[in-house]
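Engineer: In order, the protein sequence lines correspond to chains W and F. Count the first sequence with this note's numbering and you get residues 1 to 206, in order. Count the second sequence with this note's numbering and you get residues 1 to 206, in order.
It is possible that part of the hints are untrue.
It does not matter which identical chain is used: a pair holds within one copy or between any two.
What the hints assert, rightly or not - Computed list of lysine to aspartate or glutamate pairs in DMTMM-like fashion (alpha-carbon distance at most 25 Å, straight line): (1) Lys4 / Glu176; (2) Lys147 / Glu47; (3) Lys4 / Glu155; (4) Lys112 / Glu157.
Worth flagging that the hints you see were computed from the coordinates, not collected in a lab.
Single-letter residue listing:
Number of protein chains: 2
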Amino acid sequence: MKAKGFLIVLSGPSGAGKNTLINHVLPRIPNLKYSVSATTRAPRPGEVNGVDYFFVSDAEFDRMIANNQFLEWAVFVGNRYGTPRSFVEEQIQQGYTVIMDVDIQGALQIRKQMPEAVLVFLLPPTLDELRKRLNKRGQDALEAIAKRLEHSAKELEYIVDYDYYIINDDLDKAAERLVTIINAEQCRVARADLRAIQQLWQRRQD
Amino acid sequence: MKAKGFLIVLSGPSGAGKNTLINHVLPRIPNLKYSVSATTRAPRPGEVNGVDYFFVSDAEFDRMIANNQFLEWAVFVGNRYGTPRSFVEEQIQQGYTVIMDVDIQGALQIRKQMPEAVLVFLLPPTLDELRKRLNKRGQDALEAIAKRLEHSAKELEYIVDYDYYIINDDLDKAAERLVTIINAEQCRVARADLRAIQQLWQRRQD
Chain W
1 MKAKGFLIVL
11 SGPSGAGKNT
21 LINHVLPRIP
31 NLKYSVSATT
41 RAPRPGEVNG
51 VDYFFVSDAE
61 FDRMIANNQF
71 LEWAVFVGNR
81 YGTPRSFVEE
91 QIQQGYTVIM
101 DVDIQGALQI
111 RKQMPEAVLV
121 FLLPPTLDEL
131 RKRLNKRGQD
141 ALEAIAKRLE
151 HSAKELEYIV
161 DYDYYIINDD
171 LDKAAERLVT
181 IINAEQCRVA
191 RADLRAIQQL
201 WQRRQD
Chain F
1 MKAKGFLIVL
11 SGPSGAGKNT
21 LINHVLPRIP
31 NLKYSVSATT
41 RAPRPGEVNG
51 VDYFFVSDAE
61 FDRMIANNQF
71 LEWAVFVGNR
81 YGTPRSFVEE
91 QIQQGYTVIM
101 DVDIQGALQI
111 RKQMPEAVLV
121 FLLPPTLDEL
131 RKRLNKRGQD
141 ALEAIAKRLE
151 HSAKELEYIV
161 DYDYYIINDD
171 LDKAAERLVT
181 IINAEQCRVA
191 RADLRAIQQL
201 WQRRQD
């Protein structure tokens with residue numbers, strides 16, 4: 001019996017630990033696949049087209065937007081990144097669960113484009129903890145971090161648009177919760193192959 | 001942080017193994033409680049009021065129906081049994097997850113009375129397997145079993161009104177799935193204590 005797959009979106013403020021969590025969970029669920037994004041950024045040495053990203057030109061990205069081929073897209077540091085709808089839909093049709101991480105604005109775009117997607121809000125235990133993590137990462141100046149924290153505090157309001165939440169106080173526990181959510185969602189009647197179930201139940205006249 | 005509990009309803013055809021599965025799962029989830037039913041049947045030796053059942057008179061049962069105090073009720077072998085709304089709601093308020101087993105008609109009543117309840121359809125792998133189990137149980141005559149199977153095959157249609165399904169081909173695997181569903185449902189934003197989360201996120205001015 002082949003149930004339909006689904007898209008699971010891990011989202012939350014920058015520094016919540018989305019990427020680390022996904023890498024922790026991917027090896028633990030056999031039919032889980034990471035969503036491959038499209039980008040206008042040039043490939044870095046070693047990056048493979050179709051594996052790390054779909055590398056596309058600016059014109060191609062424009063076309064994809066015009067044809068509604070993205071579940072969400074955004075600009076980061078001058079380059080555009082987007083989630084191609086076709087890739088996700090093909091994997092789902094084949095029974096895979098597709099996982100991706102995206103910021104909160106991106107998750108809200110996906111909610112509109114694909115209402116049946118499963119949205120998980122990942123949040124660090126406190127805003128202080130988030131500040132510590134962003135400081136430790138050392139990517140941003142103190143002022144930028146302060147701005148980001150303020151932004152994150154505001155964005156917490158959008159949690160009500162999500163299906164699940166995970167407080168990332170401990171990586172192993174958070175991974176356990178995400179695995180649990182994915183496994184439970186695989187038991188949804190809405191995605192079951194009801195015809196196959198009904199066929200099993202055809203009463204043999206013996 | 002204290003999230004709200006919820007009601008999880010395990011339902012399915014007679015012989016699917018609802019009771020065995022619940023007994024297997026109860027010790028594995030700390031805040032899981034079995035729902036205590038009200039009944040007009042006389043207590044059997046050793047049965048304790050408020051633990052095994054709430055034993056009530058016919059007149060009291062009538063009053064409870066009139067006052068909409070049941071999530072569902074039904075007649076079995078001349079006695080009435082019902083799920084008291086107040087017991088379930090009190091446990092949920094205290095943060096417990098309440099589990100119960102009920103036939104399909106009862107589950108559909110609950111869906112109307114408490115739309116946020118989580119409905120799980122338990123089904124044996126095939127109708128032949130169900131026939132074997134009912135034969136083995138030896139409670140019913142062959143003719144009664146044939147009737148019951150026909151009824152079960154029809155009732156399978158109601159699976160679309162459920163949230164989750166579990167195929168009970170192996171008790172341990174089915175228990176694992178039910179535990180997973182309950183744990184995942186405990187991560188629902190809809191039941192989170194959002195005020196507590198927001199308070200954790202109040203930025204300390206230090």
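Engineer: Now look at each hint and say whether the structure bears it out.
Structural biologist: Each hint tested on the structure:
Both within a single protomer and between protomers do lysine 4 and glutamate 176 lie at most 25 Å apart by alpha-carbon distance, with minima of 23 Å and 21 Å respectively. In this homomeric assembly, lysine 147 and glutamate 47 never come within 25 Å of each other (Cα to Cα): the closest approach is 32 Å inside a single copy and 63 Å across copies. Taking identical chains as interchangeable, the C-alpha atoms of lysine 4 and glutamate 155 lie at most 25 Å apart only when they sit on different chains, with a minimum of 23 Å there against 32 Å within one chain. When the C-alpha separation of lysine 112 and glutamate 157 is checked against a cutoff of 25 Å, the pair qualifies only within one copy, where the shortest distance is 17 Å, while the shortest distance between copies is 30 Å.
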